[in-house]
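J.: These are the residues of each chain, in order.
4 protein chains.
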Amino acid sequence: MIKVGIVGGTGYTGVELLRLLAQHPEVELTAITSRGEAGTPVADMFPSLRGRVALKFSDPKDAPLDRCDVVFFATPNGIAMQQAAALLAAGVRIVDLAADFRIKDVAVWEKWYGMTHAAPELVAEAVYGLPEVNRERIRGARLVANPGCYPTAAQLGFLPLIEAGCVDAGSLIADCKSGVSGAGRKAETHILFSEASDNFKAYGVPGHRHLPEIRQGLALASGKDVGLTFVPHLTPMIRGIHATLYARITREEDVQTLFEKRYAGEPFVDVLPPKSHPETRSVRASNTCRIAIHRPQGGDVLVVLSVIDNLVKGAAGQAVHNMNLMFGFGECVGLTQLPVLP
Amino acid sequence: MIKVGIVGGTGYTGVELLRLLAQHPEVELTAITSRGEAGTPVADMFPSLRGRVALKFSDPKDAPLDRCDVVFFATPNGIAMQQAAALLAAGVRIVDLAADFRIKDVAVWEKWYGMTHAAPELVAEAVYGLPEVNRERIRGARLVANPGCYPTAAQLGFLPLIEAGCVDAGSLIADCKSGVSGAGRKAETHILFSEASDNFKAYGVPGHRHLPEIRQGLALASGKDVGLTFVPHLTPMIRGIHATLYARITREEDVQTLFEKRYAGEPFVDVLPPKSHPETRSVRASNTCRIAIHRPQGGDVLVVLSVIDNLVKGAAGQAVHNMNLMFGFGECVGLTQLPVLP
Amino acid sequence: MIKVGIVGGTGYTGVELLRLLAQHPEVELTAITSRGEAGTPVADMFPSLRGRVALKFSDPKDAPLDRCDVVFFATPNGIAMQQAAALLAAGVRIVDLAADFRIKDVAVWEKWYGMTHAAPELVAEAVYGLPEVNRERIRGARLVANPGCYPTAAQLGFLPLIEAGCVDAGSLIADCKSGVSGAGRKAETHILFSEASDNFKAYGVPGHRHLPEIRQGLALASGKDVGLTFVPHLTPMIRGIHATLYARITREEDVQTLFEKRYAGEPFVDVLPPKSHPETRSVRASNTCRIAIHRPQGGDVLVVLSVIDNLVKGAAGQAVHNMNLMFGFGECVGLTQLPVLP
Amino acid sequence: MIKVGIVGGTGYTGVELLRLLAQHPEVELTAITSRGEAGTPVADMFPSLRGRVALKFSDPKDAPLDRCDVVFFATPNGIAMQQAAALLAAGVRIVDLAADFRIKDVAVWEKWYGMTHAAPELVAEAVYGLPEVNRERIRGARLVANPGCYPTAAQLGFLPLIEAGCVDAGSLIADCKSGVSGAGRKAETHILFSEASDNFKAYGVPGHRHLPEIRQGLALASGKDVGLTFVPHLTPMIRGIHATLYARITREEDVQTLFEKRYAGEPFVDVLPPKSHPETRSVRASNTCRIAIHRPQGGDVLVVLSVIDNLVKGAAGQAVHNMNLMFGFGECVGLTQLPVLP
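Residue numbers (our numbering), protein chains in the order written: chain S, 1 to 342; chain P, 1 to 342; chain X, 1 to 342; chain C, 1 to 342.
No lab work stands behind these hints: they were computed from the structure.
All clues given are correct.
Label pairs and their computed distance ranges (CB to CB): (1) C:A219 to X:A187: 44 to 50 Å; (2) X:E266 to P:T250: 37 to 43 Å; (3) C:A38 to X:R135: 40 to 46 Å; (4) C:T336 to X:T40: 20 to 26 Å; (5) X:K275 to C:G114: 40 to 46 Å; (6) X:A164 to P:P76: 42 to 48 Å; (7) P:T40 to C:K186: 18 to 24 Å; (8) S:A54 to X:V108: 39 to 45 Å; (9) P:P25 to C:A38: 56 to 62 Å; (10) X:A118 to P:E266: 50 to 56 Å.
DSSO-like, lysine-lysine: derived pairs with alpha carbons at most 27 Å apart: (11) S:K275 to P:K56; (12) X:K261 to C:K56; (13) C:K186 to P:K186; (14) C:K186 to X:K275; (15) X:K186 to S:K186.
Ideal placement from N, C-alpha and C gives every residue a C-beta, glycine not left out.
Just chain S, same shape as in the assembly:
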């Protein structure tokens, strides 16, 4: 049993962490902080947790975070970078679900996130928490930067092709669709039910913060810069990301086998048979990424379809997976719930 703290537990990532951690046999939920809700029982805000989570939100100042073995930051960008150094100094390990430590080039991070980085010295140490890429380094990490939701779906879909070097890495396209929970639990007009339902739109086409994150991951795999057009879309569903990925073939390759081999040992990546069309609901509430590969009309364009639950494999579930690696638990412990369908 390890002691676990959560900073910022009132958003969707926070409540999803609570759902998963409350069912994790190796975890003792020790503290959850919220400035605005200090003193409120967690289960008053989220009645789905009634009878199962007895914790109250505590003020960040009073929370015994430094006595935890690991602290999850489920906060807006820019919070974890202010508190990480002190916690690490106290011997606490950290999984940051926000973007503070994802981008290795601090200047790039500051440009896209519009603020000065408060802990640039920790950026190099932080391990990008995509287990399918960095499994061994995560085991030993003090500070894990949990990937974004779009970057998880897009990288898992592109990586086998990029690593094999069989597509043009200069002209990749990622057309991605996200459920509305990806926008968080903030009271904003554009994600109201009456705005977002029975409606579909692209957003952030000129530039979205997940673009440099995906580009960095693919460049590392490729060994050189990649050219990527990334268009996210707001989709009238609660959970789910569907990445439709386009890449031009530069060398013939049995791509189905390529993907199957790449992910053969991965507990949370499922390569579907040829001609499959994965649905987002096939991974709803689970930590699985399902992938299918197509070559339409035998042409020179590959289409990869990659689906995840943005709150699980795209956030809280992957964070728990990282925790499992960091503490030597079985990788799937606490993450075996089957998808909820329908």
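Starting from the known structure of chain S, arrange chains P, X and C on it as the hints suggest.
T.: What follows is chains P, X and C alone, placed relative to chain S:
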């Protein structure tokens, strides 16, 4: 470990049973039948089960159902009554998720279900599988009639009042709203996405089959016939039942305490604090029923709000609960998944 | 052609007024105010109006409202009562879509709305704008209080029974379901897509502001106080109200004929044939109220089903209907668009 | 006034035609056929039309189609080609909303649609009914092949670029998302509410019938074959198509101006200002196509966003537009309803 069979596994009740049973530590899934899908791996039809359920659908003729310890019928009405006697004779216990054995008065059943009952001699033996009422009898039952979804939500909401005799049992009103999965996975026009979404309607107002079932349960609790108006509505959500129940007070009573005491030991009924409004999503994908009681404006009408997930507490989850009772497992084994929210 | 102004045009009621008025042949849209959006072209905020509405939002201080023939208030409660006297003095007629002038008993209004009424002297003059009740008085009115959405659906469903005196007016129940747009276009957490979709809940059971409004209307029709239990529910659809109304029969009456006669001449009330179940989408985006009457199982409870589009017949459409009456236009002018289905 | 007939009026395209034609001042609805529903009043099947459409469905054999001025085919593929010759011979003009006459190469058509063409001699005569391309030829046409929904959105988005020759026509990508009504009103499992809502998936990636139609249109504009990857997706909304189009720049061009000039006189194409993200709801229930153009990060890929209502501009509305052209009515007559938002 017990051997478990499912008859009719291609509907929503069937796939939900699979989701729950595949995660149940005491269960070995042994057979699942489907005339139309014989030979198809279950996970081909429901990719959410890939890697976790290796079973194929088998033809009913070939399935080794008689070697099971328990068989669930997730079939349309009228199937279980034809096969129950043979299975019971073979020593197999049965949980029927359809309506064949729910109504004790065979003539009433035949009128509402429009067919002749094929096994009237088993109706008396069958135990109505509402554990909050029949726990002890379920433990010893060979044949359990799993309650309908509306009847579960409505009875749990009315029972404390009826048992206490503090409301007019002659003028009860149950205004119930169900998610569309309650209509099953049949290809029918009125439950198409483009018909049922962004839309709301009542149906079956002249008479719905769950009316006699609710009336029977309340009459048993009351000791006399009850007067009940029951109006079901089709609601644009996948899962969930919300029963809004109206009863006229005939004797002053602390109803909050009444409910809390009635359900004090129940693992799957959660009485909310006064002034609460339970949401269906607070029980999504879980076996819990949440209930709140109101007395608007201090008048003489009580309003009880009762929510369940129609596929879990209203079907597959309650069936697993019944199985747990029948085989002496802990009541909550395999049913501890937290609700999925959002 | 009359000159029309709108105060507060950034909410759903406002944009719906714009949609209807922009297509109205007798209307010249002259001014629309918004403190926060002054200077912004209306079509920049609502691209659906591009090319059809050239108006910009203007600051309330600068808007030429006093040169309008009629001004619609599509504002939060408490605004119209502050500005009505000056506009009336300038010869401008008013339709208030908020609640300021709906309740005749100022003390009751102040209790339910939690503020002191700023123009109690105008309350008596104001005409309650339900054309099916007050048609003649509306024609001559300077100040019309446009009914609430729930009150429109509930009153139209109950009125024939109450006027005929054939039901127990002391034990009425109105179980009402509203689309989320009824909660307005405010950025509030509980109406976010990820909170309100795939979910259903009651709210305001202890007391909702539309309760005294419905009660007032029915009491006027009845000639005495009525007993009403009113439970509103938030439904995962954008538009639509479905009122399920329960009344106990006290005198036998051919209720189908009663309703058909009551609404025989009404252009916007459609009494369906017996055994019908009106869907909210059958009136989507139109000014029609459709009603069906049931007597389940031949018992002593009548069930009336009444559906409207909350933004049209429940708000903007009824306001335009009132304007048509006030200015002697044909009642249906500008309101003939057919419902959008699917 | 012209006499109008509809063959196959029980699907979504049919009821949408009825909605538009019932409000068209130059149209007398004369006949609507349905084999299965002969004798049923149209308004019994679609209560949204009650009081406005008095027509009954008639058996195809008895319907006075040959006395109509124009007949719309809102039928499955393969019906219009069997009946067109006889109607044309009787002097009736035809708008086919199905695919029978869209593809000029009969062999290609037969391969994609899996049947022998019954009227190959009419294929050459048929005019492809995209008014933005073929306006003048439509005016004189006897037989108009109304474009598919995806092809309308995709072609309008690509055409200015292809006509200008400023992008690589060999590597176009159309990532398209459709509301579920695009799949029709057939009782099929995969479009049930509980399957399609809160879910997202691609389909037909190996090859969709609209691929050759889009390719044909772009090839005509380009003067040579084009390379196109087309991926359609099923989106949990009722109406709407969102095409996200990718093209590689081969020659610098002021694309914003290019689009604005190309569609300057078009009543139903709206080019949005730079940096816009059109929403499908901004055209809901209207005949408008809204388009925005992006060049993310100043790279060499253009992203065009094109939205339509699949049932209006993608089907029935465009058909009425074509009728207006064929009979010399104003182009916008009967098509001026504003989009319904929210």
